[in-house]
Every structure is written in C-alpha cells, then in structure tokens.
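Residue numbers (the working numbering), protein chains in the order written: chain B, 1 to 346; chain L, 347 to 663; chain H, 664 to 729.
Hints were generated in silico from the structure; no laboratory data involved.
Zero decoy hints are in this set.
Straight-line C-alpha distance at most 25 Å; calculated DSS-like pairs for lysine-lysine:
(1) Lys-722(H) - Lys-578(L)
(2) Lys-541(L) - Lys-706(H)
(3) Lys-669(H) - Lys-528(L)
(4) Lys-669(H) - Lys-648(L)
(5) Lys-528(L) - Lys-636(L)
(6) Lys-722(H) - Lys-541(L)
(7) Lys-48(B) - Lys-489(L)
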Amino acid sequence: MSELILKKADLTAFLDALTGAYQVWAPAEVDGVVDYQPYDPETLIREKVRPRLSVKKFFHPQRENMFKYTLDPASEECNLMKETLPQDKRVIFGVSSCDARSVVLNGLPFCNDPTNERKDVYYQTRWDNTVLIGWGCDEPCVTCFCHATGGHPFGEEGLDIILTDLGEKFLVKVLTDKGRAVAGLYQLEEAREEDAKSAAKVAEKARAAMPGGLKMGQPAGQDMMGLYGLEELWEEIGSRCLNCGVCTYLCPTCYCFDILDEIKGQEGVRFRIWDACMFPLYTLHGTGHNPRAAKSARVRQRFMHKLKYFPDRHQKKLSCVGCGRCVVYCPVNIDIREVASRMKAS
Amino acid sequence: MDEIVLKIRQTAKELLSEGKVDEVWGFAEPSIPMGCRPYVARTPEDADKLWWDSFCVMNLANFVPRRSDKKFAVVAQGCVSRNLVVHHLEGQLDLKEQVTVLGVPSIGMLDAEAVRQAVGSVEISEVSEEGGKVRVKGLGFDKTVSRLEVMRDSCKTCRFHNPVVCDIWIKDKTADEPNKDKNARVDQVEALEPKERQAFFEKMFSRCLRCYACRNACPLCYCETCFVDESKPQWLGKSVEMSDTLSFHFLRAFHCAGRCTDCGACESACPVGIPVRYLTRKLEADIEAKYGYQAGLDLETKPPMSVYLPDDTDDFM
Amino acid sequence: MFARRKFSAAKSLLEYMGLESGRLQFSWISSAEAEKFATTANKVVERVRELGPANFMQKLPLEQVA
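Next up, chain B with everything else stripped away, as it sits in the complex (with noise of 0.2 Å):
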C-alpha cells in the first residue's frame, strides 16, 4: 500500500481531521501516569512513549455490557436477552507494534479459533469499528523484548498504519483499507524513494538495538509434566507472588474474563469483566472445591498459559508480545524473562 509523508507540525491538524468521523484517543499524562485518552491537541504527547495500560481496553473492555434485559413481568420482552453491541468507531493513535500484534494474538481465542468457527461478536465489532495508527519504536525500552516473542519494534501485525520518526516528519505507511479511509481524511503529500530508504534503516537500527542472548522461545515439545514438575521454580515464584492481578490487567495478551449480571429495580444487564488466573475466585467451583487452591498453582497457570498452552492450540505462538510492562511493575519482581527461560532450559 501507499506510502505518506506527515510533517510533525501537522501532527495535530492530521488528528483534528479525524475527530468528525472517530473518536480519537492518544497518550496523554494524567496526575503522572501515561495511558490512552480522548485526544487533546493540549496534552498530546508527542514522543514515542509506552502507555501504563495496553490497546486491550479497547478491544476487550475491562467492563463491557453484553446483553440487557427487563424483569418487568408487564414488558413484551421480559427476561428477553437484548444484545448490546459497540457502535462507536475510534482510531487509537501512536500504538507500538507490541500492543498490535496483542490484538491479532487476542483474535485467536476470540474470533479465530481453530476449533470453533464462531466469533466472539463484541471483540469483532470492536475490531472491525477500531483503526490502529502505529508509532515505530526506534529505541527499545528498557524491559522490552518484543524481538523475542516473533515480534519486531516496527512489526506490522494488527496496524492499519505505521508511522517512522524521520526527525522533522513521519513517514506514514498505509497497510490496511481502513488505514487507507483514515489517511484519506487528510492531504498528505507522497513520499519519495529516499524517505522509505531512511525508514528501513531506522526499523533496521531499531532492531539491532534490542539485548540479545534473551532464550525467551517457548517451552513447546516440552511435556506439561514436565514443566509442572519444576517444583523448585514454581515454589520460588509462588513463595512472592502477591496473587493481585498487576501483571494481567496490564498486560496486553491477558484476555480472561468473567460474565456477572447486575440488577437494579427490573432492569439488568449482563456483563463480562476482566479476571485473572491468579485470584483465588477464579477457579473455585460451585461445590467450594478449588482446584488451584495454592498461590503456586495460579502463578504457574500464568506461565504455562502464556508460554505452553497458548502456542500448543495457536500454531506454537506465545501468548506474549515483550512489552515489558508486567516487569516493570511486578510489586515482587516476577520477571517473565526469567521464568521462561529457566522453563525452557528445563
């Protein structure tokens, strides 16, 4: 597809172009922290920058409604379950390549499958509405590890477009059809041979920047005994890990969810919400059995979900993308660096 030039002084009278027909939403700092928000030409951050909160809010909300309903016995439509589809359409802008690839990755379980052809209606339509504008990271964080997971700072994977910091300007490369509409909805000169050239060495640079020597790979061919018997590290973890959910609600690859139903009067909705493997509800069956009943047991499901289970029934890929955040603010230090490569050196 095309490839654009966009001066950075036109940053914001590119976004502003947007916002008739999406809601737009960008970095931006609020009370110190980075994270998406509704976009402000004001409070824009304007360098490459890692949100606090990956694009999974976007596509698997932390709270969605799923479906509403009335309880009124009078109604037409009692006790019908009503869906509740998102209509809103939005352009995310300055997505690292990381968090993209999170949303093919997500798609798997929810829309692609292998075993099940139907799709999880509300990740599609939230996909389908949603278009990513992608930020090239020309210098890895410093947690990142992107490259070890099948990623690259400025991979492709789940972008609609991708932008390269030429210094004074982007080169903007068009890779989708709704990437296409977005950029049409500004005047955006071509670009020449010589600025693809440069951003193909900046992607190159940007590569070669990452650590190497990380054995991140996966564990696969490994047997799941196997990898349960590592007693010595699952303990070790689970003699630290606080059980709260850090590490899933910010990562981008994290994707369990819980259906609940709240009702107020004779009005109910049902809604799915984020959950995690290492709370204790989780897995504690109706009976009060708990199958995971130790904090060891949770963690090591984290672990062998991301690094075993997920590439075993999703052609071998991990289900992690190297953006670091779980490193970075891990309370206790649990570093997934560390644990899968000492599963895989097992």
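The hints should help you fit chains L and H onto chain B, whose structure is shown.
Quick look at chains L and H alone, frame taken from chain B:
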C-alpha cells in the same frame, strides 16, 4: 558490596548453618532497576542471594509463615517490626519464640513511582545512590535528584525508623522521631467541603484497576477469604464502577483500623500510582486522637478495636 | 461497646470521603423503647429529606457503565 548486604548474608548464613532458624526472609537482587524481590533463604548457600537496597519496599511481615511451627528470621525496618508485633498480638505468630528480627534501621526507602515522576519517564535503566543523591539514567537522560525528593511519602512521615523489637542489629540505630506530624494528607482533605472531598477521591480512584495489589501487599490482609471474593452472597460489585471501587477502598482501609503501621506497601504496590494511604492515614489519625494508640509499638497493649472503655467517645451519635 | 469504637471510625472515614454530615445516623435504642425508635426513625427520615438524594457512592445507571 554494600555493608548491609554483607552483614545480612553473614548473619543469615550463621543462623541457618547453626540450625537456629529454618528460614530467613529478606530480599534478593531484582532483575530491573528499582525492583523489589522478596526472597526466602533456606540453606546457608541461599543466604548468598540475599540483598538490600532502598527499593526493598514490600513489607516482609506479609510473606513470613503465619500459624506455623517454623522458626524464622526476618529482615525488618521499623514498620516491618511493628507489623510482626501486630501479627503477634493477633495470634498469627509468636514473636518471642519463633522469630529472629534482623533489624535494619531505616533512613527512608525510595519510591519508584516518585523517581519516574522526577525524571519524567518510565524508561529507567540504572539507578544508583551516593551521599543523599540518587542518580537516574534512562532513555535519553541522566539526572541526579535528592534522596528526599524521591523518598516514599510513608517514609517521609515515619516516626519509628528503628525496629521496635530486634534480636540482631544489622546496622547502628538511628534517631526516632516520635512527635513528627503525620497529618499533612488528612489536613489537606479536611480543608475541603464534602462535595469537594467526594470529587477528590473519585478522581483519585478513577484509574483504579481493582487489581487488589494494595490489599495483597498488606500484611494485615490475611483473611482466608476476603469480602471482595465472597460470591454467596456477593457483598460488592466486581466491575470498575465508581461506587464499587470506592466501597472496596473504604472497606479495605476500615479493616486496617487500629492495625495499620503506615508501612506504605499498599501504595508502593499500586501499578497506577494511587496514593491509597489517604484513607488509612485518616483512620490512624482518628485512632491516635481518640484512644492514644499507634499500632505495633509493644507486645502488651491490646489493639484498640478489640477493647473498650466506658468513657469511649460517642462522637458518631 | 466494641461496636462504639467501630461506628466512630466508620462514620468519620465516610464523612472524610465526602458523605454529608447527618446522612449517617446512630442511636442507642433498647428493644423495649418502641417510642424512642419511632421518634428517631422519623427524625432520620426528616433529616435525609432535607438533604435530598445522595450521590455519594451511588451506582451509575447500568447502561452508562462500559
């Protein structure tokens, strides 16, 4: 190598090889700058992995065995020792028989979130300390800030830097500040009208993810099943809806009334930098004013919520 | 008597978080004091009417949350 680290290792090694304790609870070297990695050493060889720096901010009283027969040693600053006292008073362990406290008088621990704010970036690759200064290097910057600027708020307002119970001193005692004013945050809120207070807390908690890191990092939160996790009946809505989020934080704080040592682990654990101690501080200020009690200072005084006096205040009527 | 300390702390914290004074009320009433109960209940209702609807820790309409 830092002298404190060497002394911790040496002491732990002796205790473990002489069989005086089964476990030594401390920290190991983290994999990232400003990381905090609680660690339990069970053999004299394990002791060589023990570590100490200004970012060892999790409260080890939260990790040690409770209601067990084990004998163990714990690396403890003032607040951690006070939480061990609280555990003792609540029957979770026997401080005299079971626990060897390795005291590390605190000069104030540092706050990773404050460091990120001070340098304006989360991409920090190296942090080092020298003579009251903290040097922070990261993507495109190399800045030096004063220790005080990036000290945890709970440490800035701390009165008891020295362990209140100690068996082996890892370093020399420092001066305590028993009369220090701790109420800046409470005064700030109390200067507001009710509507403004509500807005203040709603804004603060609007980015809460309900990850429960604050609860799980707290040594006081050891209930077998937290009220949040009850499903029959479900006491609290589980989504990130403001009334549910505020109810959670209200109740979490309330359960700590008369028990909180203001160690600040809750705040340090929060992945989105919410100053959750605004709530627990208020309770502790009230308890001190009404009953003259500060948690975990001695092994004799009964905790204020488990006793009463005929002339207790009726101020809520 | 234990409850007295707990009520005192709970009310204080709720008002610190923004609950208007007078919204939460306590009284000591014995099971034999029917009249005191009725008078107090009426007084509470009156006071809450004056204050109008609370918006403290109030659930949002279900559909607004998403």
